[in-house]
Structure formats: C-alpha cells, structure tokens
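Put the complex together from the two separate chains, hints included.
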Amino acid sequence: MADILTSVFRTFMSQTDVNKDVTMDPHSACSALLPGDSSVSSSVLLLGDSSISRSLLLLSAVMAASELGVRVVFFTQTQIQSLPVSLQKCVPSPESLKKIKFSYPRTLGDLLQQVAGLHESQNTSPTPPSLIIVDRLEGFLGRETTQRSPSSAPCRLIASFRSDVDSEHAGGESSATDPILDVLDRYFQMRCTLDRDRSYEAAAAGLKELWNVYLSATGITEDACPKEREDRPAAAPKEWQLSISPDGSMEFKMA
Amino acid sequence: MRSFLPAVAEQLFRDIQKAYQETSQIPDDLLIALKFVFGPCALQALDLVDQHSVTCLSSPSGRKAFQVIGGSGRLYTCFVSCHYCPCPAFAYTVLRRNEGPLCKHILAVYLCQAMAVTQQESVSDPQMSTLLSGTAPL
Ligand SMILES: [Zn+2]
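Respectively, the protein sequence lines represent chains A and B. According to the working numbering, the stretch in the first sequence is residues 2 to 256, in order. According to the working numbering, the stretch in the second sequence is residues 241 to 378, in order.
Same shape as in the complex, but just chain B (with noise of 0.2 Å):
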C-alpha cells in the first residue's frame, strides 16, 4: 500500500513488522507506541486484526483492493494506490477536519499487512471494477 504517512509511522509499521516475524505478537513498548502515535484508533484496529476482518482481493488483471469488516458488519473497500476510505470516520477526521492521518479500517489494512495476516481472495476483473467503482458492494 502506497503509504501517506508521517516517517515516525512507517517505522512503526516496519518495527512492528519485525517483531512480529519473530516471536508472533506485537511486544507493549510497540503497542503502547502505536497508542501514542494513533489514538483510540489503534485498539480498535487491533480489534479488526483480531477478527480477521483484512482481506486483499485480486483480480487477473492484476489490480488489487482491500475490504475491511467494519465494526457495524458494513465492508468497506480501501485502495492500494490512494490513501482512502468510504466510511464516515474518514470523510470527517481526516478529510474534513485533518484531525488525523487515517481511520481504523486503513489502520487495520498497515498492520494486517506488517503482520502478514491478511485473508487473501481472489474475484473476477468486472467484479473488481464494481469494488473500485465503489457502486455497490460486492
């Protein structure tokens, strides 16, 4: 996922990454960092990894989209290229106010993704093209 993020996050995600490879779970000091650096946001991501609510889909044509089980049960589809979710927290923290740097679906996706535990599954091109179209949910 193209990051977005200020350098202190990126290194965040790559220790997490690290740690994690090693001994399977995120060590206090790095999740107390986490807190620090993200907020409420960063247990309520933790909680959607938890879950397993992460999945990347692909498509032959090569393109690939993340969906995140919201906490509501609603999907929502997150971009690889662009830093960007549909759901409400994201339009009003981030895009209106710029009170933060993301919400806790795209949370979720970075530290499915340092962690390697996101589901992977595969869709059809036309079925990928409705997911990024973001005309109806697949």
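Just chain A, with the same shape it has in the complex (with noise of 0.2 Å):
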C-alpha cells in the first residue's frame, strides 16, 4: 500500500537514515506492480500544502516511471513550469520522463472525461497507464456538489487535496469536520497528510522548513476489507519527516 510514496521517502531520505536502512530497495515495491496482482489496486489521498504536494506527485510520478518503468498519466490544472529541485539528484534518463503523459484537464468535466477515456485503445499502447495522478483535486470540485471520485482498477491513483477547512493551525484532526473531504475519504484507501512542524526543534532547525507526513489507511477499507490489510507490511513505516531547504530540495527522515 501507497508503496509508490514510501519509495519516495526512501529515495530522497537523508543520507544517515540511508545507511541505517537496509531495506531501501526501490525495485521491492516493482514486484507488486506486475499485472495479475490483485494487491495493486491502491489509492492515496495526500493531504497538506499544495505546493509541496505538487512536488511530492512529481516524484511520485517521475519515481514511479523511471524506477518501476510504469506508465503514468498526471492531471492537473497549471501547466508544469519546472521539476523538483530534489529530482536534479537522481538524474532521471529523458527516456523515463517520456513514460509520464501530462494533461490540463481544465474542468471537472474535462477530467471526467480524460480519466473515463482511459481504456480507449489510443490510450492503452502500448500498455494502459498503471499510475494515475491528480494534482489539487479541489481545483476540479470546486463548489460543484456531485463528485465522482476517478478511481479506476486495477491502476493506482494519487491525488492531492487541500481542505477549505484550514488545518494548518490545529493539527490533522480538524480536517474530518470537512465534508468533501468525508466523501473522498470513502473512496481512498490511504491518506497521506502534510502537517507544518511548528515546534521548538522546527524553529531551530533555522532556514529549513519541517513537515511532519503521516500515512493512514481511510475506514472503509479497513473495516470491509480485511484480506488486503493482512497483505500490508506490519513494519512499515506510517510516519515521516521531510526537510525542504531554502533552494527547495527535500529530504525525508523516518520518525
């Protein structure tokens, strides 16, 4: 479950946490992508700032097409100005970035349209994308009150949300009062939420800027589906911290 992110995590973790993990294998997450799995079919909504969100999905999807070699289709509303300063490390091969299809939906309309199209054979060759990504998912919701979540098996999906129920102030908690945000969960396995580290340690950690990343599986599926709970890694971690220097690269922590 959201094997996608966490490799992302490992990837751009720092260095003192990379040696002592030694289960850092990006290729490990592969094997659960191959088709026939009926494990692969994981959803995530990301939770938090938007445009660290938006940086988190380009590695996700640059992650996701240069290490597992998936085809990837990426949803949003602004056009891509730049990559991740982060990305400039690991030097993906132009040929990867070729595998990720980007597309301006600019309407919720539109993006119905495009993900509902995606089995069309124009779209399937040579093999029908394997991630789906959805940047700002809010942009798209607006203050329409008919959402159709783009949820699409067997195929992963990452969106990225930000609450109109600020919960910047208040902790994670706060975000259940939001309504839509109650609909989509139902329809998400796992939430991945951006918390801004205010604390002490934060503030003297000086110029960088500290986020804590939580991941948590959503109800439904936890109650409904028990098979696919016992499949999930007992060990793996729920909780990250990620670091964004002042040039914009980040770099995660295991906490």
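Be careful, since some hints might not be right.
[Claimed, not checked] Within a straight-line C-alpha distance of at most 35 Å, the following computed DSBU-like cross-link-like pairs (lysine-lysine) qualify:
no.	chain 1	residue 1	chain 2	residue 2
1	A	Lys99	A	Lys254
2	A	Lys102	B	Lys304
3	B	Lys258	B	Lys304
4	A	Lys254	A	Lys239
5	A	Lys99	B	Lys304
6	A	Lys102	A	Lys209
Think of the hints as simulated: they come from the structure by calculation, not from any bench.
Written out as structure tokens, the structure is:
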C-alpha cells in the first residue's frame, strides 16, 4: 500500500538514515506492480500544502516512471514549469520522463471525460497507465455538489487535496469535519497528511522548513477488506519527517 | 462488483445466490433478513429486479458498468470498481447522512448478480467512456 510514496520517501532520505535502512530498495515495490496481482489497486489521498503536494506528486510520477518503469498519467490544471530541485539528484533519463503523460483538463467535466477515456485504445498503447495522478483535486471539485472519484482498478491513484477547513494550526484532526473530505475518504484506501511542524525543534532548524508526513489507512477499507489489511507489511513506517531547504530540495527521515 | 459491505450483507448475498440457484426463488427467511439489513431499500430493489431494470454493459476494452433504470425511468450508472450511484438518495442518505451502506439501485445490482438475472449488453469503447464520465446519458 502507498508503496510509490514510500519509495519516494526512501529515495530522498537523508544520508544518515539511508545507512540504517537495509530495506531500501525501490524495486521491491516494483514486484507489486506486476499485472495480475490483485493487491495493486491502491489509492492515496495526499492532504496538505498545495505546492509541497505538487512536488511530491511529481517526485512520485518520476519515480514510478524511471524506477518502476510504469506508464503514468498526470492530471493538473496548471502547466508544469519545472521539476522539483530534489529530482536533479537522481537525474532521471529523458526516456523515463516520456513515460509520464501530462494532461491539462480545465474543468471537472474535462477531467471526468479524460479519466473515463483512459481505457480506449489510443490511451492504452503500448500499455495502459499503471499510475494516475490528480494534482489539486479541490480545483476540479470547486463548488459543485456532485463529486465522483476517478478511481479505476487495477491501477494506482494518487490525488492531492487541500481542504477548505484549514488544518494548519490545529493539527490534522480538524480536517475530519470537512464534508467533502469525508466523502473522498470513502474512495481512497490511504491518506497521506502533510502537516507543518511548528515546534521548537523546527524553529531551531533555521531556514529549513520541517513537515510531518503521516500515512494512514482510511476507515472503509480498513473494516471491510481484512484480506488487504493482512497483505500490508506490518513493519512499514507510517510517519516521516520532510525537510525542505531554502533551495527547494527535499529530504525525508523516518520519524 | 467490488464490495464495501459489512460481512453480514456479503453472507446474505451468498445465501441468496445459493438458494436461487437451487430453487429459482428467494425463501421467506432470506427476504426477511434482506429487509432487516437494508430496510425499505430491500423491497424497492426487489421491484427493480422483477422489472429487469439492471443491465451490465461491457466494451471491447474489458470495461464494465451497470445501468439501472430507476422508478422514474431515469438511467443510473453504477460502477464496478467503486461503490457509487449518481442518484439523489445515494448523495443524501449514504454520502451526506451516512445512514446506510447503499441505495436501491446498487442493492438491485447486487441482487441481480446474486440471482444471475442481469441483462447483458455490449457497447463501444467511446460509448463506455461517455457512460463512465457521467457527462451524458447513453
Ligand atoms: Zn442509486
């Protein structure tokens, strides 16, 4: 579950942690992506600051395309101007970037049409996408009252969402009162929350921004799909700390 | 259809499937159980089943979706991989109030699948896209 995000965290981990972490192997996540594996349909809702979410989504897209070699479709309303600074470290080949298809739907209707058309032959050659990313879902939902999750198995889905109910100062919990988020949670198996760390330690870190990253399962699948829960590696870290340098490079640490 | 239902409901559908295979009807005790688990939805869904209101559409790409003709004659598309119905009852009772697991249309789909009485129909890939996007009725 959430293995792509987890391999992003591991790849961009600070050096001290890399030495400790014997399990670091982006290719171990790859095995779960093989076609026919019923456990592949995983979906993550990424909550928090939009610009950091976007960098994380881009890192995930590049990781999935270059390390796991899968086709990625990236839906966003804003043109991609540049790749995150952290990506310069791993220098992905231009070939792997070609496996990412950027799509720029302007409205919810456009997005629904493009997602619904992903199974058509012009979108499935040579292979259908194995990862669908939606940047800033809230931008598509707007004030419309009907939402549909663009989920589609067997394929991964990562979408970022920034709640109207601002959770920055109250910790992640207050976001539970957002009615849109309540509905979205039904359709995503995992939640990944980005929460700005404003503690003393964070202030002492100086120019770096510190963020806490929490991975958690959402309610419905936890109760209704015990089989999938058993498949989940028990020792998988659920908390990370993200530090962002003034130049924009990102580094992860296990919490 | 991927299920997000409590175990008791899952078991109930399995029992209905077994009974219907053997006797081509649903025995009274299972009907009572159905009404107990799903409330007033149950009878309405059974009506939809009787009226052959559920069709499973398939396209060459392998995509499937269910289409249910509602009481008012409106067509509702229910997805295979995701528990969702575009009807007002689902939006209000399930998503907003969280008062039940499903609407009569999704229940009718489960029942038709259990009883193996779903109508089958083929559509083209572009027709399936239109259907899945919910942008226009087929
Ligand atoms: Zn319905």
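So, going through the hints one by one against the coordinates:
1. A/Lys99 to A/Lys254: 30 Å, holds
2. A/Lys102 to B/Lys304: 25 Å, holds
3. B/Lys258 to B/Lys304: This hinted pair holds, its Cα atoms lying about 24 Å apart.
4. A/Lys254 to A/Lys239: 11 Å, holds
5. A/Lys99 to B/Lys304: 30 Å, holds
6. A/Lys102 to A/Lys209: 32 Å, holds
Against the hints set out earlier in the document, no violation occurs for any number.
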